[in-house]
Structures are given as C-alpha cells and as structure tokens.
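K.L.:
Next come the chains, spelled out residue by residue.
There are 2 protein chains.
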Amino acid sequence: MTCPIDSNPIDEALKAAKRPSEETFAVGVDVGGTKIETVLVDATGMVLADVRVPARRGGDNVIDDIARTVREVAGDHLNELAVVGVGTPGQVDSEHGVVRNVVNLDIDTLELGEKGSKILGVPVRVENDVNAAAVGAAALLGTPQKGAVAFLNFGTGLAAGIIIDGHLQHGYSGSAGEIGHIPIDPNQLPCPCGQHGCLETICSGASVGRLWTHGNPPMPDLIRQARAGNEEAIAVLAKVTHAIVDAMQIVAQSIDPSVIIFGGGMAKTGEPLVEVTREEIARREASCPFLTTLNLGDRIRLAPVDQPVGAVGAALAALQA
Amino acid sequence: MTCPIDSNPIDEALKAAKRPSEETFAVGVDVGGTKIETVLVDATGMVLADVRVPARRGGDNVIDDIARTVREVAGDHLNELAVVGVGTPGQVDSEHGVVRNVVNLDIDTLELGEKGSKILGVPVRVENDVNAAAVGAAALLGTPQKGAVAFLNFGTGLAAGIIIDGHLQHGYSGSAGEIGHIPIDPNQLPCPCGQHGCLETICSGASVGRLWTHGNPPMPDLIRQARAGNEEAIAVLAKVTHAIVDAMQIVAQSIDPSVIIFGGGMAKTGEPLVEVTREEIARREASCPFLTTLNLGDRIRLAPVDQPVGAVGAALAALQA
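Just so you know, the protein sequences line up as chains V and B, in that order. Its first residue numbered 1, the first sequence is counted upward by one per residue in full-length UniProt numbering. Its first residue numbered 1, the second sequence is counted upward by one per residue in full-length UniProt numbering.
Quick caveat, the hints were computed from the structure, so don't treat them as lab data. In this text the structure is predicted, and so the values were computed from the model without any measurement. Heads up, some of the hints might be wrong.
Since the list gives no way to pick out one identical chain from another, each pair is judged satisfied if it fits inside one copy or across any two copies.
[Unchecked claim] Straight-line C-alpha distance at most 25 Å; calculated SDA-like pairs for lysine to any residue:
1) Lys146 <-> Leu319
2) Lys239 <-> Pro123
3) Lys146 <-> Ser287
4) Lys268 <-> Gly174
5) Lys239 <-> Val122
6) Lys35 <-> Arg227
7) Lys239 <-> Asp60
8) Lys146 <-> Glu231
9) Lys35 <-> Gly155
10) Lys239 <-> Ile63
11) Lys118 <-> Pro304
12) Lys146 <-> His96
13) Lys239 <-> Gly147
14) Lys239 <-> Leu141
15) Lys146 <-> Gln91
16) Lys239 <-> Asp64
17) Lys118 <-> Gln307
18) Lys146 <-> Val98
19) Lys146 <-> Met46
20) Lys239 <-> Ile119
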C-alpha cells in the first residue's frame, strides 16, 4: 500500500522549500511482526511519502524489504538522505546497529546497521521500536522540547520511551524505560522474565488479553462490560488501571515528565482508556494531597493512531543521534 | 566549629591558581534541622573553607546564620563570589528561591533567594537538600559526567536526586526523584501522605527506626542482629532490603543510571548496608536473567560520610543553574 504521493517526493519538497539547499530529509522504517512501514520525512517529521509491505521472516528478507521500501520512498534522491533510521523489536544495540532475538521474524542476530548502510550507501541507524515510537509520538503531538516526556507503550509487553530535553534516553545499560519488569504488582503473577509481579503481567495488551478473554480487542470490551456492571469485568479492570497508575507514578515521581503519552495496541482503545485511568488517579488523589499536586490525569495524551508514529520516530531518532 | 583554614582562603587559592582571573568561587550552605554548614569551594567543588554553626529556628534567624557564615568563609572576597547556593529541607521552589514548610525550623514561607541576595549582594540560589546532596556526592565521588546518576537519600524520608549528563533534574512539577511516595510496598503500611505502601514507609532512616527499636542508630544493629540469627531482625531486614531494591529497580529501569549513590543518615551504616542490599539483589537475579544483565549491585556507591556533601552540592548546583 503506497500513499498517493508522486515518485519524486523530494523534488516536490525541494520545489516547495524556500531554502532547498538547507533542507534535510531522512527515511524511517518501522519493522513490525506483520508489516514493515517506511516513510520519507523532513527534519520536522512531516511525512512526504509512505509505503507499507507485509513483513517476511528471516534476516535477509528483512534487510531486503527495508532496502526496497527505502528506495521506493526516496526515489532518485537516495544519496541525498541524511540517514535511514530503523525501529525494530528485539534487543537493540543502537551503538553498534545490532539487533538480537526478534522472535516473530526468526532473527537471532542481525547486523542491521552495517549491512543496511552497505546496501543503501546511506548511514543506517537502528533503534528499539518503543523508543522510536516515543520520538515519533512526541514529535507528532508537538510535546515541549524542554523537560521530560514519557511514552508508555502498552503492547505485547509494557515499556517506556523517555525523552529529556529532546533527547531519547538509552541509559547506562540500554535499559532506560524498561519499567515493565519492575516487580511491584500486588497480584504477583509469575513473569516469563523470572520475577513475580512485573508490571507488564497486568498492564500490557497481551496481559489484558489473558485476563479478559471475552472480547477482541479485549480492552474496549472490558471497559464496556465493567461500565455495564459486570462484576468480573469490574475486578479485572481495577487490577489493570491499578497497574497503569503505578506505572504512571513511577515515571512521574522519577523523571516528572510534563506529558505521559499512551501508545501501543492497547492505547487504540482511545478516550475510554484515558477515562478509566483518570478514575483510578482520582481515587488515589482523594486520600493524597501530594498526588493531587502532580495532576497526573491532565498529563495523559494518546499517541496518534492514524499516523506512522514508529516510522516517523525512527527517522527523527536517527537524525538526532 | 571552623576548619583550620586562614581567613582569606580565596587569597590563597588565587596565589595557587595559574590563571587567577578565570577562577570561579562559590559558597554553598547546607541548612539542616540542627546545624548549618557553609563552605567556600572552587568550580571543581574543592573545599577552601568550612564553617558549622547550630541552626536556630525562624526565618530571620536562618537568613542571619546563612549571611554570617557566608561572610565568614568568603572573607574580604564576598563580592567576587559567582553565587551562593543554599540547600534546604521543605518544599523548595528553586526557580523563585522560595522555601515552604520547613517544620523543624518553624518556617512557613521564606523568600530565601530574594532576601539572601539583597543582604549579601551576591546571587543566592535555593535548592532542595536532597538534590544538593546528590550534586555534591556525585562531584566528590567523581561519577561520570555523561549519562545518568541517581542519589538515593535514606533520611527521615526517602527521595532521590537525579542527574543526567551533569544536570540536576527538577521535572515538570518539581517532583523528579520523589520516589519515596510511590505506593508499591507489599506491606501496605499507611503513609502520612495519605497513600498506603509508599516506599518510604519501609526504607528510610525514620521508618527503620520504627520497625527496629532495639538499637540506635537502628540499621547497623538490625543488620548485626539478623546476622546473629535473630528471627525478628531477619524478618524486618528482609522487608527493608526488599524496599531498597524496589527503589533501585525503579530508578534503574526508568533512567538506568551508571551509579546509584546511597546517602542520608541510614547510608552511614556503610558497607554492611551495601552487603545486605547486594544479597537481596542476588536473590532476585537468581531467578531473573534480565536483572542479572543490569548488574545493579556493582552500581552502588556510598556517599562520602566525612565531607560536607550537602554544602558542596548546594554551591555546585547554584553554579550550574
């Protein structure tokens, strides 16, 4: 599926730009378990071209699909790109451009940065998919450049992307934002990581799907059923919102971001998810004046659902790096 | 109590400095519940003079004691100071130099920055005491300038100071580092803040004093008794180290600091505290390969106990601001 943009988007952009020689273009690629989405953007993150193709398994196929779609969106201007950024699941070593353990795509170890750069003749930088989505969502929502922004990705697992003063945080061991494996949920469910009570055993898209099997996607149905008075739904929803607000307090009371973006599949639930989260925040605020001063409910924003957040973010993160 | 340094420490420093005109000096003041400590430092945090006086209650007395000790350490060179930094307990609005609710010193609201600047004729900047201690400890320990450093202050309460790329983090609402009131401790003790299970209900100096009343200070005695096989001590120590490692995982998996400094009164326990914390980390690592990769035990450093960490940090934080 290709956006209805002509095959020379940079030509068009150069025509439109007042100072064409100073304009910067980059390509961002969002590698997912089922599809690969590739966009051409300018330095502000504006999408000039967009291509989506089904993902194929295996490292060679992934590199082939990335190269093909990058060429498609860049047209004749491939060599004018400042950089290609790739956001991918798995364990990502951004510094060396190496990706490990992408189970859904049968990838054990892939030197994506080096191989991609050789094939395309353009620097290819690799980023964790949640971090890339954080950068993309922050840019598309126009969050403040100064101070901290947190992106909570409620996907298969739970992880956060942390941006401070416009810079994505990786941390000392590449574990910045790995809040899903903080073992503090009171239900103490076992986690595949080996701990008990990890936040993501309750508040991730996959976990909600295990806790609530009556609807697909589960979260909108869970909220509807709880609203309708279903006792089981009320109990499950209480667990989930409890863990979501624990996650919010963890980021708010460690880095105190001005904006907390909800992203990932579960965030597509939209406003109803924000509403039930705000109800749990209000319940806690009722007994805690300190929490009231934090005004957490007002900090929530939903990641844009109809825009290529991950691909745009991969491009912008690569431009920043 | 005055350090045996002559009354013109800047004179001496100027004589010793190769490029005297470029040397920067600042004064830092650590306002505590029982004493006020004031130091003259150079831009590296080296202490050139140090004065300690008993703290007197009331805003006017506090300002008077600050001004008096600043003049004492600066000597004739007061007007050559770049800045005076004050670290204080209570709610601190660094931007406006206002301090509120310093219960131990009978201060309701004090415009410390403005009043101090007028009296001294030098800019006076005010900082939260934990943040100031974080900056001081990081400087005195020589932690890396790049990346994140976390300072866990186990004092009356529990709070963290977060430094990223050499910059102290305040956050959007001034709540960066307020991890003590994250309500995730499984014992769910009531907290004066209105929540239940706040981390500081278990892992702060004051909380350990409530949980273990058999020794003073309680933490070294608690560890000794647990080591000797006292069942009650073993149970209390397990609660405390559990909460300490929860606090460590929260900072490690949100901002991923290269160094986690233990400070505050309880950290004066020294190596035995580090040992029991590492034992709890090892217990968790035994079932969780992910946690093993974080190597949290190796990141622990103890804040210097024989140096004026808070006062040095107040000066350096003011220089940075």
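K.L.:
Compare the structure with each hint and give your call.
P.N.:
Results for each hint:
Taking CA atoms no more than 25 Å apart as the test, Lys146 paired with Leu319 passes in both settings, with 18 Å inside one copy and 20 Å between copies. When the C-alpha separation of Lys239 and Pro123 is checked against a cutoff of 25 Å, the pair qualifies neither within a copy, at 45 Å, nor between copies, at 50 Å. In the homo-oligomer, the alpha carbons of Lys146 and Ser287 never lie at most 25 Å apart, since the shortest distance is 32 Å inside one protomer and 40 Å across protomers. In this assembly of identical chains, the alpha carbons of Lys268 and Gly174 never lie at most 25 Å apart, being 27 Å within a copy and 31 Å across copies at closest.
Taking the shortest Cα distances, Lys239 and Val122 never come within 25 Å of each other, neither inside one copy (47 Å) nor across copies (54 Å). Taking the shortest Cα distances, Lys35 and Arg227 never come within 25 Å of each other, neither inside one copy (34 Å) nor across copies (56 Å). Proximity of Lys239 to Asp60 under the C-alpha cut-off of 25 Å is found in neither arrangement, the shortest distances being 42 Å within a copy and 50 Å between copies. Proximity of Lys146 to Glu231 under the C-alpha cut-off of 25 Å is found in neither arrangement, the shortest distances being 44 Å within a copy and 51 Å between copies.
In this assembly of identical chains, Lys35 and Gly155 lie within 25 Å of each other by CA distance solely inside one copy; the values are 15 Å within and 51 Å between copies. Taking identical chains as interchangeable, the C-alpha atoms of Lys239 and Ile63 are never at most 25 Å apart, the minima being 41 Å within one chain and 50 Å between chains. Taking the shortest Cα distances, Lys118 and Pro304 never come within 25 Å of each other, neither inside one copy (33 Å) nor across copies (50 Å). Within a single copy, Lys146 and His96 get their C-alpha atoms only as close as 28 Å, which misses the 25 Å cut-off; across copies the closest is 19 Å, which meets it.
Proximity of Lys239 and Gly147 under a CA criterion of 25 Å is satisfied in neither setting, with 31 Å inside one chain copy and 35 Å between copies. Taking the shortest Cα distances, Lys239 and Leu141 never come within 25 Å of each other, neither inside one copy (29 Å) nor across copies (42 Å). In this assembly of identical chains, Lys146 and Gln91 lie within 25 Å of each other by CA distance solely across copies; the values are 23 Å between and 29 Å within a copy. In the homo-oligomer, the alpha carbons of Lys239 and Asp64 never lie at most 25 Å apart, since the shortest distance is 43 Å inside one protomer and 53 Å across protomers.
In this homomeric assembly, Lys118 and Gln307 never come within 25 Å of each other (Cα to Cα): the closest approach is 30 Å inside a single copy and 54 Å across copies. Within a single copy, Lys146 and Val98 get their C-alpha atoms only as close as 30 Å, which misses the 25 Å cut-off; across copies the closest is 23 Å, which meets it. Proximity of Lys146 and Met46 under a CA criterion of 25 Å is satisfied intra-copy only: 21 Å inside one chain copy versus 31 Å between copies. For the homomeric pair Lys239 and Ile119, neither the shortest alpha-carbon distance inside one copy (48 Å) nor that between copies (55 Å) is at most 25 Å.
Going through the hint list in order, the structure does not satisfy hints 2, 3, 4, 5, 6, 7, 8, 10, 11, 13, 14, 16, 17, 20.
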